[in-house]
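Using the sequences and the hints, build the whole thing.
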Amino acid sequence: MSPELLQALEPEQISTQRYLPYPRRHWGLGVQVLLWVLRLYVAVAVPLVFYAFWHALRAG
Amino acid sequence: MSGESGRDAGSREDVLRARDRLKVHRSRAEGRWLRLLWLLAGPGVLVMLGENDGPSMVSYATTGATYGVGFFVPFILLTFVMAYLVQEMTVRLGVATHRGHAELIFQRFGPFWGYFAMVDLVFGNLLTLVTEFVAIQAGGLYFGVPRLVSVAAGVAIVFASLALRRYATWERSLLALAACNLLFIPAALLAHPDGAALAQALAAWGPLPGGFTSGFVMLLLANIGATVTPWMIFFQQSAVVDKGLTRADVTQGRLDTAIGAAVAAAAAIATLVAAAPLFTAHANASQFSSGADFATALRPFLGHAGATLFALGMTEAGLVAAMTISTSSSYALAETISVRHSMNLDFRAGRWFYGAAIISTLLAAGIVLIPHAPLLAMTLAVNVIATLLMAPALLFLLLLVNDREIMGGLANGRLANVAGGAIIIGIAIAGAVYGFMTVFYS
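Top to bottom, those sequences are chains A and B. So for the first sequence, this note's numbering puts the first residue at 150; every next one is plus one. So for the second sequence, this note's numbering puts the first residue at 11; every next one is plus one.
Hints are not guaranteed to be accurate.
What the hints assert, rightly or not - Covered by chain A, per the in silico footprint, the following chain B stretches (three or more residues, Cβ under 8 angstroms):
no.: 1; segment: 259 to 273
no.: 2; segment: 396 to 404
Unchecked claim - If the Cβ cut is set under 8 angstroms, some of the chain B residues that face chain A in the computed set are:
no.: 3; residue: L26
no.: 4; residue: A28
no.: 5; residue: R118
no.: 6; residue: T256
no.: 7; residue: D356
no.: 8; residue: A387
Stated by the list, open to error - Only some residues are given here: those of chain A computed to face chain B with a beta carbon under 7 angstroms:
no.: 9; residue: A157
no.: 10; residue: E159
no.: 11; residue: Q162
no.: 12; residue: I163
Since the hints were derived computationally from the structure, they do not count as laboratory data. Think of the CB as a built atom: it goes at the ideal place given N, C-alpha and C, for glycine as much as any other residue.
This is the structure we're talking about:
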C-alpha cells in the first residue's frame, strides 16, 4: 500500500491493530450483581423461548 | 485462528478501506459537507430501513387496519426517536473502539456472555430470516410467481450482494434497494388520507377506538418490537467499523442515523395509512397473515397500482432485511470466534464471515420451502426471542458505552445516561412483557 493511502487510515484501523483484543474489564460490585441478575433472567427467558416454540408447534 | 496470515497493512481489507477514507479526507479538506455526508452515510439508513422488514410492515398494516389513523401515528414516531437514541450509541462505540459489538462483549465481559450474545443473535437471526423469506414468497405469490422461483431469486440476490466483496459497493447497492421502502408513501397517497385526521392524530395522540384493551397492549408492544431489535445494535456498530468511520465522523454518523429513522418512520406511517381503509370498512385484520393478503384486501381501496406498490414494498422489505440480517450474523459469528470480518475481504480470507451468511440464508430459504413447515410457530418464536432477549442486549450496550477505558470522551454523559437508561429500561420491560404475553396470552 502506498504511504499516502496508508495515512488515510488511523493506526488503530489497520488490520494488525484492529484485530488485537481489548483486555477483559474488571467490573465493580454493582455491575457484577447486575450480571448475576441477568443470568437469572436468562435462565427464565431461555426455557420460555423453547416453551413458546413447543406450544406454537402443538397449536399447529 | 487469530493468527491468520495476511493481517498486514497491505491487506485487501486495509487497501479498500483506505481508498474510501481518502475520499472522505479530501471532501472534508475541501469543505464539501454534503458530499461528506453522502460518503459517510449508510449504516444508519440501512439499519433503520432493514428493521422495516416483512413482519414489521405487516405489524404496521395490522395496526392501520385495526385502529385506523389515530394514536399509533405519533406512537410510531416516538418509537423511531427511541430507536435513534439507542442506535446513536452504537455509532459512538464503533468510532471509539473500531470493534464490533459482539467482539466488545466477548473481550470486555468474557467468553460466557460473548458466546451467549452470539448464539442468541445468530439463532434469532436465522428464525427472522425465515420470516423474511416468507415475506418474499408471499410477495411473489401476489404477482403469480411460484414459491420456489421467488425464494430462489431472493437467495440469488443475497448471494450476489455478498459476491461484491467490497463494503462501499455492497452498501450502495443495498441503499438503492432499500429506497423501495418508500413505495408505501405513494400507496398511502392512493388511499386518499384525510390530512386533518393525520394532523389531529399527531397533535392529540388519538383517537383510540376500542380503548385500552389487551389487544391494544399487544399491538403497542409489537410496534416497539418492530422498531428496536438486537440485530440492529450488532449490525450498525459492525457496519460503522467496516466502513471506517472515525471520531471525526461522529456528527455525520448521527445524521445518518437520524435520516434513517426519519425515512423509516415515514414508510412505517405510510403503511399504516395505506391500510387504514380496511379499518373504515370494518375488515377483520386478524385474517391477514402476510403482506400479500393485505395487498389483495386493499385493491378495492387503493386500486391496482396502489395494491401493486404495497405488495412490491412488502417484498422489498423482506429482501433488504434478509441481506442486512444475514450480514449481522456474519459479523457476530466472525467477531466472536476472532476471525477476519469485513465486507472488503475476498472469499478465501473471509470464508467464516461469508460462510455464516451463506449457510444461514440457505437454511432459512430451505425451511420456507419445506411443505407444512411450522412457519407460524417460528414467527412466534422470533418475536419471543427478540423481545425477551432485548434486555441483555440493551444492558450490554449501556455498560459498554459507559466504559471510559475504551470510549474516552465519547462515553455517555449524565444526561445521555438518564435519557438512554430510561429508554433502555422502558424497551426492556416492554419486550419482556410482550414476550411473556405472547407465550401465555396466545
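Hints, one by one, checked against the model:
Under the rule that three or more residues need a Cβ within less than 8 angstroms of chain A, the assignment of the segment 259 to 273 of chain B is violated, with 0 such residues. Under a criterion of three residues with beta carbons nearer than 8 angstroms to beta carbons of chain A, the stated coverage of the segment 396 to 404 of chain B is upheld, 4 such residues being counted. Because the beta carbon of L26/B sits about 10 angstroms from the nearest beta carbon in chain A, more than 8 angstroms, this interface hint is broken. The beta carbon of A28/B comes within 4 angstroms of a beta carbon in chain A, closer than 8 angstroms, and the hint placing it at the interface holds.
Taking 8 angstroms as the C-beta cut-off, the interface hint given for R118/B holds, the closest approach to chain A being about 5 angstroms. Taken as an interface hint, T256/B checks out: its beta carbon lies about 6 angstroms from the nearest beta carbon of chain A, inside 8 angstroms. About 14 angstroms separates the beta-carbon of D356/B from the nearest beta-carbon of chain A, more than 8 angstroms, and the hint is not met. Interface hint at A387/B: satisfied, since its Cβ lies 3 angstroms from the closest Cβ of chain A, which is below the 8 angstroms cut-off.
Hint status for A157/A: holds, given a least beta-carbon distance of 4 angstroms to chain B, under 7 angstroms. A hinted interface residue such as E159/A counts as satisfied when its beta carbon comes closer than 7 angstroms to some beta carbon of chain B; here the least separation is about 6 angstroms, so the hint holds. Below 7 angstroms, beta-carbon pairs count as interface contacts, and Q162/A has one with chain B at about 6 angstroms; its hint therefore holds. Because the beta carbon of I163/A sits about 5 angstroms from the nearest beta carbon in chain B, less than 7 angstroms, this interface hint is met.
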